Amino acid sequence: MKYTITLIMFVLAARLMPQSLTALQIADKAQDAVRVKGLEAVATMQIFDDKGNVRIRKIAQISKLTDGGDTEKRLIRFLEPSDVKGTGLMTFDYKTGDDDIWLYMPALRKTRRIVSSDKAKNFMGSEFSYADMTPPSLDDFNFKLLGEETVEGTLCYKLEWIPKDDDIAEENGFSRRITYFGKSDFVIRKSIYYDLDEELQKELIIHEVRELDTVLHRYRAVQLEMINKQNGRRSVLKNEQMVFNPDVDESKFTTRYLERE
Amino acid sequence: MKSLSEWIIRYRWAVIAGFLLVTVVLGIQIRNAEIDTDMKDQLPKNMQSRLDTDKIDELFGGTEMLMVLIRTEDVLDPATLKRVRNIARQVNRIKGVDKVMSLFDLKSIKGEEGAMIVDPAVRRIPKTDEERESLRQELRDNDIVYGVVVSKDFTLTAVIGMLRDNVPDEEIVAEFEALIAEQDGPEEIIIGGLPFIRSQMGYNIKRDMRRLMPVAILIMLVFLYACFRRIRGVILPFLIVIMSILVAMGLIPLLGWKIHIITVILPVFLIAVANDYGIHLIARYQELNIPENPALRKEIARLMFESLNRPVLLTGLTTIAGMLCLTGHILVPAKQLGVLAAIGIVFALSASLFFIPAVISLLPRSRPVLITQADSKARKPMLERLLALFGEVVVGRPRQVLTAFIIFAMISAVGAFFIVVDTNPANYYDENHPVVHASELIDTYLGGSQNISVVYQGDIRDPKLLHKIDDMEHDLEKMDEVGNTLSVARVVRQMSRALNDSGDVFYDKIPDNRNAVAQYFELYSMSGDPEDFEKMVDFPYEHALVTARINKTSTILLERVVERIQNMVEGDPDVLLVGGFGVVLSDLAHAVVNGQILSLFMATGIVAILLMILFRSVMAGLISAIPLGISMLLLFGLMGMFGIELNIATAMLSSIMIGVGVDYTIHFLWRYREERRQGLDYSDAVRKTLLTTGRGIIFNAFSVIVGFTALLVSTFLPVRFFGFLVVVSIFTCLIGALVLIPALCLVIKPKFLEPQR
Numbered sequence: 055m056k057y058t059i060t061l062i063m064f065v066l067a068a069r070l071m072p073q074s075l076t077a078l079q080i081a082d083k084a085q086d087a088v089r090v091k092g093l094e095a096v097a098t099m100q101i102f103d104d105k106g107n108v109r110i111r112k113i114a115q116i117s118k119l120t121d122g123g124d125t126e127k128r129l130i131r132f133l134e135p136s137d138v139k140g141t142g143l144m145t146f147d148y149k150t151g152d153d154d155i156w157l158y159m160p161a162l163r164k165t166r167r168i169v170s171s172d173k174a175k176n177f178m179g180s181e182f183s184y185a186d187m188t189p190p191s192l193d194d195f196n197f198k199l200l201g202e203e204t205v206e207g208t209l210c211y212k213l214e215w216i217p218k219d220d221d222i223a224e225e226n227g228f229s230r231r232i233t234y235f236g237k238s239d240f241v242i243r244k245s246i247y248y249d250l251d252e253e254l255q256k257e258l259i260i261h262e263v264r265e266l267d268t269v270l271h272r273y274r275a276v277q278l279e280m281i282n283k284q285n286g287r288r289s290v291l292k293n294e295q296m297v298f299n300p301d302v303d304e305s306k307f308t309t310r311y312l313e314r315e
Numbered sequence: 136m137k138s139l140s141e142w143i144i145r146y147r148w149a150v151i152a153g154f155l156l157v158t159v160v161l162g163i164q165i166r167n168a169e170i171d172t173d174m175k176d177q178l179p180k181n182m183q184s185r186l187d188t189d190k191i192d193e194l195f196g197g198t199e200m201l202m203v204l205i206r207t208e209d210v211l212d213p214a215t216l217k218r219v220r221n222i223a224r225q226v227n228r229i230k231g232v233d234k235v236m237s238l239f240d241l242k243s244i245k246g247e248e249g250a251m252i253v254d255p256a257v258r259r260i261p262k263t264d265e266e267r268e269s270l271r272q273e274l275r276d277n278d279i280v281y282g283v284v285v286s287k288d289f290t291l292t293a294v295i296g297m298l299r300d301n302v303p304d305e306e307i308v309a310e311f312e313a314l315i316a317e318q319d320g321p322e323e324i325i326i327g328g329l330p331f332i333r334s335q336m337g338y339n340i341k342r343d344m345r346r347l348m349p350v351a352i353l354i355m356l357v358f359l360y361a362c363f364r365r366i367r368g369v370i371l372p373f374l375i376v377i378m379s380i381l382v383a384m385g386l387i388p389l390l391g392w393k394i395h396i397i398t399v400i401l402p403v404f405l406i407a408v409a410n411d412y413g414i415h416l417i418a419r420y421q422e423l424n425i426p427e428n429p430a431l432r433k434e435i436a437r438l439m440f441e442s443l444n445r446p447v448l449l450t451g452l453t454t455i456a457g458m459l460c461l462t463g464h465i466l467v468p469a470k471q472l473g474v475l476a477a478i479g480i481v482f483a484l485s486a487s488l489f490f491i492p493a494v495i496s497l498l499p500r501s502r503p504v505l506i507t508q509a510d511s512k513a514r515k516p517m518l519e520r521l522l523a524l525f526g527e528v529v530v531g532r533p534r535q536v537l538t539a540f541i542i543f544a545m546i547s548a549v550g551a552f553f554i555v556v557d558t559n560p561a562n563y564y565d566e567n568h569p570v571v572h573a574s575e576l577i578d579t580y581l582g583g584s585q586n587i588s589v590v591y592q593g594d595i596r597d598p599k600l601l602h603k604i605d606d607m608e609h610d611l612e613k614m615d616e617v618g619n620t621l622s623v624a625r626v627v628r629q630m631s632r633a634l635n636d637s638g639d640v641f642y643d644k645i646p647d648n649r650n651a652v653a654q655y656f657e658l659y660s661m662s663g664d665p666e667d668f669e670k671m672v673d674f675p676y677e678h679a680l681v682t683a684r685i686n687k688t689s690t691i692l693l694e695r696v697v698e699r700i701q702n703m704v705e706g707d708p709d710v711l712l713v714g715g716f717g718v719v720l721s722d723l724a725h726a727v728v729n730g731q732i733l734s735l736f737m738a739t740g741i742v743a744i745l746l747m748i749l750f751r752s753v754m755a756g757l758i759s760a761i762p763l764g765i766s767m768l769l770l771f772g773l774m775g776m777f778g779i780e781l782n783i784a785t786a787m788l789s790s791i792m793i794g795v796g797v798d799y800t801i802h803f804l805w806r807y808r809e810e811r812r813q814g815l816d817y818s819d820a821v822r823k824t825l826l827t828t829g830r831g832i833i834f835n836a837f838s839v840i841v842g843f844t845a846l847l848v849s850t851f852l853p854v855r856f857f858g859f860l861v862v863v864s865i866f867t868c869l870i871g872a873l874v875l876i877p878a879l880c881l882v883i884k885p886k887f888l889e890p891q892r
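Chains as they are written, first to last, in my numbering: chain R, 55 to 315; chain E, 136 to 892.
Because the hints were derived from the structure by calculation, they are not lab data.
As the structure is a computational prediction, the values presented were derived from the model and not from experiment.
Some hints here could point you the wrong way.
Unchecked claim - Estimated spans, in silico, between C-beta atoms of each pair:
1. LEU254(R) - ASP597(E): 36 to 46 angstroms
2. LEU78(R) - ASN221(E): 25 to 35 angstroms
3. SER238(R) - LYS230(E): 51 to 61 angstroms
4. LEU254(R) - GLY320(E): 32 to 42 angstroms
5. GLU253(R) - ASP319(E): 21 to 31 angstroms
6. ASP152(R) - ASN181(E): 54 to 64 angstroms
7. ALA313(E) - LEU78(R): 38 to 48 angstroms
8. ASP152(R) - LYS262(E): 19 to 29 angstroms
To be verified - Far from chain R by the CB rule (all over 10 angstroms, computed), these chain E residues:
9. ASN227
10. PRO349
11. GLU666
12. VAL710
13. MET776
Using N, Cα and C, we set each Cβ at its ideal position, and we do this for glycine too.
My request is simple: use the sequences and hints to build the entire structure.
Encoded structure:
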């Protein structure tokens, strides 16, 4: 009798406690947490070299989720410096397969598609890679929950990503990645990258997070900093104006629109 | 003088202990000595080309390259390509490697159906023959890789690791070598590049030190025994040598210096030269130590010191002066060698004059070696017979002897016109050495192993400047000595071909509007690695580099190219500097020649002045300069005739030869004057001097000659040639002292050698 009561109490207690999430579930929720239906922003990218020289790019950006959320289309227009003003970049990030990228160069009045299979490539010559800017395919990685830790005042899940094979590792440019996701909002706060030799390579720090879609609870980072620990370079992306806009006109994501300076 | 010799005898224990103490204290410092193979450390800090090259490194990052060369019939063979890919991957993972250039790392930028495609130059390994040929065609059109990491005939490909700053050569080379050792397959796979040459140098310096020293020591021991046939005749001069080596080498770390390739010469030099003074003392001792002489051992020690201290001191001083003239050498280690050798000689000289008599005064008289004058001629050893023959020839026909020497000097002088200057470190080795093989492959197939770079400053995105860079690159490309070139203009052109269709106005052109250039770069930063440009243009686009690779190892051709390029950019305000290792080598060549001429005159002048002071006569200086002059003519004549280059090592020859070679003349003149003062006539004085001091002179010269022959087993060609030439020129000085000088004395009858009235 005594045993039965203990057993019942035990089962009850287990059912009352919130179920703990698996590492994969956290990664999945983290992907969803930044899926913003539509967005308009003006951002500044600062690219520092190891001697402290800086290049500044000011861009305007619109993005929209299409295909039922499977494809994110993005249009970037350079505002500054003046010599590249009007240069346009359009990217279609597909859930599977290589992304499409087009670039429009106003000085030549020409649009060129850029074909590249390599996601580890740097984005706009910064320390951010294309892989950092687009949601990765979760099937490519093994996840492990390493515990919880506080990052700049936010309690986070500490998650380890290991590419499933060498090709994936090479494509993404890292052999291991440790990411900290906020426990309450699942938004990334920090990420540490290890290169193919398993040496510390880069560190991503998110300085501010803003909730854009208050209905679906979707978030975006306001300021991102990527520090390359190996070559001393550093890049900062600051979203100065960021507006949630689910009604971005889809017809804007065409090469014709891209060429309309 | 007498008081000094008595002082030595009285305090002999203190003298002996003092010398031993200094030796031990300095000798134990040797273990702190480090080897330094960085060629830049050998150059003076204020040398313009060194400063310029440092500036290039500062602006564009390290330019050091270590490479794996893969050679086979066709590098596009799938099995070979797989191995190349494997090697490239492994090199990418080596820690000290910053960036890799290979068929799989360098990019192909091409335009296809409205798209710009940036991919690794070889993206997929071809499966069929058609794929292989289309890849071949594609690589031919890719001027980022063609002739740079793959030879134009596709028999050679390179995986080039651009190294991070301050990676220790030996570590990185060991990693590359381990990687190469793992490879199987029929291809010839070797390592190449400057860090490899340097690590080989470090390895060979150590090997040389281990090999040369015992050889030289052994030769010397045998030689000393052959000369004196008594244990003390071997031990004493030899002890002086060992002591002076310990002292001189021990000073290296104390002075904050390091062991360089040239330093290899130091112990051998000391083995060869430091025993000279001891040899004269021992020879004198044996002369005194004849049965007829009733003197006690202390007395003999005193006589030995007194009769020899002046000429030995003077020969020591001339050698020291010659070595100090090396401080006029352009290379830092050669300057250091001069100072160290001079100090070693100071020590050997004082040890010979003080330590040897002190020890001799303690030892019982040894069994006499020399036969007394009373003995018959027939029983005299060969050496004495030879010296007697010299005497007869010189005394009999002094004028003919002089004429023969003049003719000989004129003939050998002809060769001097063919002397070639060389400073390329790849030429340190003989033709079978892997360093030479690798350099040859790079020179023949992959553009060349030496760099000359022109640095432009200004707004690099300005089409006007970019056009200028493009023009410069084309001009450089046209030069015969230039294997290939690299600049940001080339990449802009390549992009223009990818972005525009052929026939388009922009196709294969530098765009003539600044925004277009900026947008090209922006485009590239979207699709390629921003570090791809790092070696061509700096981050703020304020400096750009045009690099020409030189495929000739000849320093003369290199000098010509450097001069032409410098003339081309002269007065151009957009050009910041012309630099690179090629310019350093060319600069070095100038400095070697100038330093050679300077040290030649300096050494001869100082030596002549020393003689003038000693004999209180201008004529003494002039006469002693004659055999030196003939030796020098022969030296340079031989170099010209045998094609031995004037390089960083052989440029030290004249100083050493003058400092050491004049000794025999001094010994002869000194003794000849003494004999004249004793009342002998000219001919008898010559005969007597040759038979007495002549013996010491021959021992002395041969000890130098056999000592330096040890250098012939060195790994480094310059050191080997140095050994050969020093042997020949010392021999000439010896003959000069034993034949030419006596003939001169007989013909001129100089006043300073006459008995004082």
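Right, here's what the structure says about each hint:
{"no.": "1", "hint": "LEU254(R) - ASP597(E): 36 to 46 angstroms", "in the structure": "40 angstroms, holds"}
{"no.": "2", "hint": "LEU78(R) - ASN221(E): 25 to 35 angstroms", "in the structure": "34 angstroms, holds"}
{"no.": "3", "hint": "SER238(R) - LYS230(E): 51 to 61 angstroms", "in the structure": "40 angstroms, violated"}
{"no.": "4", "hint": "LEU254(R) - GLY320(E): 32 to 42 angstroms", "in the structure": "35 angstroms, holds"}
{"no.": "5", "hint": "GLU253(R) - ASP319(E): 21 to 31 angstroms", "in the structure": "28 angstroms, holds"}
{"no.": "6", "hint": "ASP152(R) - ASN181(E): 54 to 64 angstroms", "in the structure": "55 angstroms, holds"}
{"no.": "7", "hint": "ALA313(E) - LEU78(R): 38 to 48 angstroms", "in the structure": "40 angstroms, holds"}
{"no.": "8", "hint": "ASP152(R) - LYS262(E): 19 to 29 angstroms", "in the structure": "22 angstroms, holds"}
{"no.": "9", "hint": "ASN227", "in the structure": "8 angstroms, violated"}
{"no.": "10", "hint": "PRO349", "in the structure": "44 angstroms, holds"}
{"no.": "11", "hint": "GLU666", "in the structure": "8 angstroms, violated"}
{"no.": "12", "hint": "VAL710", "in the structure": "22 angstroms, holds"}
{"no.": "13", "hint": "MET776", "in the structure": "54 angstroms, holds"}
Checked against the numbered hints above, the structure breaks hints 3, 9 and 11 and satisfies the rest.
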